[in-house]
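2 protein chains.
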Amino acid sequence: MQIPSTFQPPPRVLMGPGPSDVAPSVLHALSLPLLGHLDPVFVQMMEEIKAMLRAVFLTKNEMTFPVSGTGSAGMEFCFVNLIEPGDEVVIGVNGVFGGRMVDVAERCGARVTKVEAPWGRIIEAAQIAEALKGRKPKLVAVVHAETSTGALTPVEEISRLTHEAGALFVLDTVTSLGGCPVRIDDWNVDAVYSGTQKCLSCPPGLSPVSLSPHALAIATKRQKKVQSWYLDVNLLASYWGEQRVYHHTAPISMNYALHEALRLVLVEGLENRWRRHEQNHLALKAGLAVMGLELASQPGHQLWQLNAVSVPKGVDEAVVRKKLLTDFDIEIGAGLGPLKGKIWRIGLMGETSSRANVKKVLGALVKILNEAGQNIDGSVVLAAVDAVK
Amino acid sequence: MQIPSTFQPPPRVLMGPGPSDVAPSVLHALSLPLLGHLDPVFVQMMEEIKAMLRAVFLTKNEMTFPVSGTGSAGMEFCFVNLIEPGDEVVIGVNGVFGGRMVDVAERCGARVTKVEAPWGRIIEAAQIAEALKGRKPKLVAVVHAETSTGALTPVEEISRLTHEAGALFVLDTVTSLGGCPVRIDDWNVDAVYSGTQKCLSCPPGLSPVSLSPHALAIATKRQKKVQSWYLDVNLLASYWGEQRVYHHTAPISMNYALHEALRLVLVEGLENRWRRHEQNHLALKAGLAVMGLELASQPGHQLWQLNAVSVPKGVDEAVVRKKLLTDFDIEIGAGLGPLKGKIWRIGLMGETSSRANVKKVLGALVKILNEAGQNIDGSVVLAAVDAVK
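As you go down the protein sequences, you meet chains A and B in turn. Under the numbering used here, the residues of the first sequence are numbered 1 to 389, in order. Under the numbering used here, the residues of the second sequence are numbered 1 to 389, in order.
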């Protein structure tokens, strides 16, 4: 065959739904020479990763570590370990990822009750309360930050109702972790999963997870073996725990990257990082407003890190998105499912969340829309951005 | 919490069962800025990876791509897609990884017939023939190169018998691919998985897999949904195929690394690479022989890339292994299961397989054993190494 040339990616500003931009020190960490996965020095680094993940999840859960797969593997990790065939579960569905949870749970043999909300809106606690009437499910699961719609579902009351019903509370924090408050212990979350490529600004490839002691006990005392060998917490606990029993070969370089990415999160400080995400979201929103563009997600529950922008009438969203990529090296995301063609998804996650990037994407959008016949004054847009804090 | 310092790995020569040493250009590829996983430039690179994997597997199978997990995820990929509950399967077990296949298959609901051989020996075709008498299994699976024992099972005759019985042939090439002949189409293999961190000398984190059109048809026509959402080939086919339907976020940086690692394999040439592995194995073996050390695996079927060395009487294998690591920065592997304490596993995989490394590990072993009271003439050992080719 014709052997391909060495790959050289073009420069991009990653303002889609993830991956986000990665800090130079994280890229540097990826390039360090490898250690064996049972090397005492690597094992010590694994311990540091676990401790930093606990700090970022705001949990004391011992069973906190990165699954060796992407966020969807973390989702599957939670469900395969907690569900046995025939178990009843309640799942909130208000976008792609709630729907995915249903699919994963059903593949584990669960009988699923869906609690649905229109895409862009949150799952209301009252809906969960209604679904729990007369039911004794094993678990209730919701998506904290729906990446497909830009909506942030408040989960404290849902968690309370869940535990009142004697169920486990499972939370998807793939897009929320590191970009807005996520408080696993305060919120009494039993099982949580996330991704590295969103607000942690580490490349995709690992999925941080955490199980409460109660959830872990349920996983270890189950009747039937976990259907996935790769994701069985009973095996993973011996590998990531004190025994260091060989299970699989951990992705060494990706763990180097996660170590450095978590360090950067903690050096910045969670509160500072959340505030940065909030302020850049407000700045983007202010600029969009001047342009006559609105967010499609439910007012009062809009994500800071992922902005679903309604495409104005008469504008071909795909053409604009392609121009952003080819003419300005800016990647933004398209709508999915019922929102296909109706929204742009502008990510301001982790490293990407900066005032400079807000201005860059708005400036590019102004140029593209004006070329298409609109008449937006870019300087007014930028002034609105600057006016935020 | 006390934020850990930036991680800096100590230098190591990785001569264990994997990961192996990684070439500088592969480490450089890891450090390149990220692209989105649906970026046309990334998608084009995915196509190149698929083409290069076909060249390395020596197959025309369209469904050839890297699973976003380590080698064990690739194993699980093959079994969850091909097995439905109640299916009968035959699995060769002559080490850790055959045993793991049994566990994974049983979690898929398979009725497993084990064909066993003592650790260190191969699975004989006659044993498979015997197991197939009066049975109509859905698949037969064996491990090509048993990393836990250093034995290479010839598979052509096993494949022939398997197809004669109307079954699919599944092959584990985690340790063989890139280090010795692996001919997927010539050998009529229906499903194969490998790892990146062995003879491809890419960091761990991806698992190259390939399905024949026949295996793919069986996976797509199954009655029951694949129990793993993450590994369902029906979903992955749309993501890695022409449609590019979003499934999960591919590990961008790891795919950069695999692209470069595969390039290096093809630039060297498969035949040259296999010969290099063979010659360095023979050189190591010649040096060991002078020292009175023997390989534990079956004569005539010893792996070139992973050498199981019998620990001489009176020597504490763990002490020697630790000294190699701490005093010489050389990692070798320990024995597993029934071979624990009885063998050292010296890997000569990919980048690690060089004459310099053979001399390095033998020189260090001579020093350590002499310090412990033996009287080995190091110059004679090195002369034996040099005498090979």
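It should be emphasised that the hints constitute simulated quantities derived from the structure, not laboratory data. Careful: at least some of the hints might be erroneous.
Copies of one chain are not kept apart here, so a pair can be met inside one copy or by any two copies together.
Straight-line alpha carbon distances no greater than 27 Å define the calculated DSS-like cross-link-like pairs of lysine-lysine that follow [to be verified]:
| no. | residue 1 | residue 2 |
| --- | --- | --- |
| 1 | Lys114 | Lys323 |
| 2 | Lys138 | Lys225 |
| 3 | Lys224 | Lys114 |
| 4 | Lys114 | Lys342 |
| 5 | Lys322 | Lys50 |
| 6 | Lys50 | Lys342 |
| 7 | Lys225 | Lys342 |
| 8 | Lys389 | Lys114 |
| 9 | Lys136 | Lys114 |
| 10 | Lys138 | Lys224 |
| 11 | Lys50 | Lys225 |
As the structure is a prediction and not an experimental result, all values here were calculated from the model.
Hints and how they fare:
1. Lys114 / Lys323: Answer is neither; intra-copy 39 Å and inter-copy 58 Å both fail.
2. Lys138 / Lys225: Both. Shortest intra-copy (17 Å) and inter-copy (22 Å) distances satisfy the 27 Å Cα cut-off.
3. Lys224 / Lys114: both (25 Å within a copy, 21 Å between copies)
4. Lys114 / Lys342: within (25 Å within a copy, 55 Å between copies)
5. Lys322 / Lys50: between (40 Å within a copy, 25 Å between copies)
6. Lys50 / Lys342: Result: close neither inside a copy nor across copies, 40 Å intra and 33 Å inter.
7. Lys225 / Lys342: Intra 44 Å, inter 32 Å, cutoff 27 Å: neither.
8. Lys389 / Lys114: Result: close neither inside a copy nor across copies, 41 Å intra and 68 Å inter.
9. Lys136 / Lys114: within (14 Å within a copy, 41 Å between copies)
10. Lys138 / Lys224: The answer is both: 15 Å in one copy and 24 Å across copies each meet 27 Å.
11. Lys50 / Lys225: within (26 Å within a copy, 34 Å between copies)
Consistency note: the structure conflicts with the earlier hints numbered 1, 6, 7 and 8.
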